[in-house]
Amino acid sequence: MKFARKARAGAIVAAALSVALVATGCAAGDSGDGGDGGDGGNLSITFLPKNLGNAYFDTSNGGGEEAISEFGGTYAEVGPTEATPDSQVSFINTLTQQGVGAIAVSANDPEAICDALNEARDAGVKVVTFDSDTNPDCRDVFINQATAEGIAKIEVDLIAEQIGGAGEIAILSATANATNQNAWIELMKEELAANYPDITLVEVVYGDDDDQTSFDKTAALLQTYPNLKGIISPTTVGISAAARYLSTSEFKGKVALTGLGTPNQMREYVEDGTVTAFALWNPADLGYLAAYAAKALIEGEITGAEGDTFDAGKLGSYTVGADGVVLLGDPYVFDADNIGDFDF
Amino acid sequence: MARITSLLKARETGILLALVLVVIVTTVRNPNFLFSPDGFRDLLLTPSILMLVAVGQAIVIITRNVDLSVGSVLGLSAYLTGRIFIDLPWLPWPTVFLIGIVFGGLLGLINGALVAFAKVPALVITLGTLYAYRGINVLWTGSDRINPSDMPKEFLALGTSSLAGLPWLTVIALVVLVVAGWFMRTQRAGRELYAIGSDPAAANLYGLKVTQRVLAAFVLCGALAGLAGVLYAARYGTVNSQAGSGWELDAVGAAVIGGVAIFGGSGTVWGAAIGAYLLLTINRALPVLGVQDFWQRAVVGVLILGAIVLDRVLAVRASRRLAEARDND
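Residue numbers (UniProt numbering), protein chains in the order written: chain A, 1 to 344; chain B, 1 to 329.
By construction, these hints were calculated from the structure, which means they are not laboratory data.
Just to be clear, a hint being listed does not mean it is correct.
Simulated crosslink set (DSS-like; lysine-lysine; CA at most 25 Å straight-line) [claimed, not checked]: (1) A:Lys153 with A:Lys189; (2) B:Lys153 with A:Lys252; (3) A:Lys189 with A:Lys229; (4) A:Lys254 with B:Lys153.
Starting from the given sequences, assemble the full structure and let the hints guide the process.
Have a look at this one:
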């Protein structure tokens, strides 16, 4: 955080500059837009990621662009250079003034952008959050990439499949006080107890989301438990450090590894056989679904109330759950067959 | 006989014994710690990168200065290494070593120039460059990251593979250590660094080129941190904007534990190297022994305090002995 604060001054300048650029650029685009708004809704949808130049959001917004071109809307993307809590506010205000149809935003902070989003909604702009939510009263719907239950289940299923349903496993987590990690670990324990009685969880270790610590903790696990059959690491830093250690150790191919990872980090280890399969949601689908949800809101097909259903192109039909949450589905499994299709 | 006594009395021997003790205790608890192929490799490999940084740090501390920016230099150099592989794929991969060393040396030159010419304490200057270099790294890297698939296989293999049972990184670190140890012990310029650290004013009056020597020490320290950054990229494969943060404390800690006096003028790079091995081997041993993370840090703290107290006790005893010798004459 100390460093982030230093970088912030630069980011504010950059953000201010890009707001100015966006304001002029999009105002020109908007006048052309008004002409084809014949079908009752303004289908200009702008994606606002946490920050620009982030491969994860490039992929998700690419999915959004694909969906928007399918239903003939106008796609745009704006965003700050730094993912600081308040950096998205100025972008939201500008988009409100431009009168876009909907904003699809991944919130840097659940509170900080609330007022700006509510002003946008008062002006008739629909607000969809994806990947990272705001407070429920600041947006119309939230596209949730995965539930904790879904994540826990897929990881336990993957490891069980890879070790043949029996043996010792360990978990390499992030920090000992990471809320989401601990929730997943608890659910994984329940899942193991309920469905895989022959699998023993011998230890949970914490790599602090630091490469070197995760590396050393992996080594310690392998030395301490000679019968270890598998490791689950539900953090992208942990799984890649563990994979790197395994890939050059005597345990390569003998100890299975799975968890939550990104394809770019894991490509090397899937190709060399260290890792068979790991999970994450598909960000392209996430953006795609967010775009269709925005369309449904703009056209009045849904209001964000529980039980509303809408059609999402190739992904099929979705129903809005409690608190305006739409669940993307089960996490996506990456393996040697499909990892080449992704770049994030 | 005199030689054996002096060897037994050397500060480095005590640290080495502590290291051997840690290895033995852990191996008794879990033979895999030493006797499995992975265990033996990790024992040598893990501290190699820190050893390079600690050797550079020791040289700077011996001149009665300190370089707190080494972690940030390491991080920048590691990210630069990854960027070179992505942006200049036509370069033969071994050139990254040269680039990393020169780049680190330049950052060290900035430190050294500010310290030597501006006459501001190194602690303040390098605390500033610690943040400045890290800030540049964060601006440059953003949320980007270097992935293992961005780098050539041969380069990554260097991070873990071995030459006749010795990991490559350890070989590189040992070569640097031997050269630095030889230089500091036998060469005129090396001895002058001790003289400067013992009493900068006297060194100046005696006509030593204090500014030039201090500058050189910082350049060397930066270059070693730069080299360590290249090796970091090879070993861990993943480099983000926080690579190497906190390493400056490990490096200073390793030097102090290894018997390098924090006020300069005494200690050896050998001690710093053994200190680095002790520090990281304890870090690896405690989880194998089943000790909590919290205690891990506490043990390192106790080691540093112990080393400083020992330093003080030895200094007082030595000055008393010198005084007695003078009175007897």
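Quick check: which numbered hints come out false for this structure?
-> none
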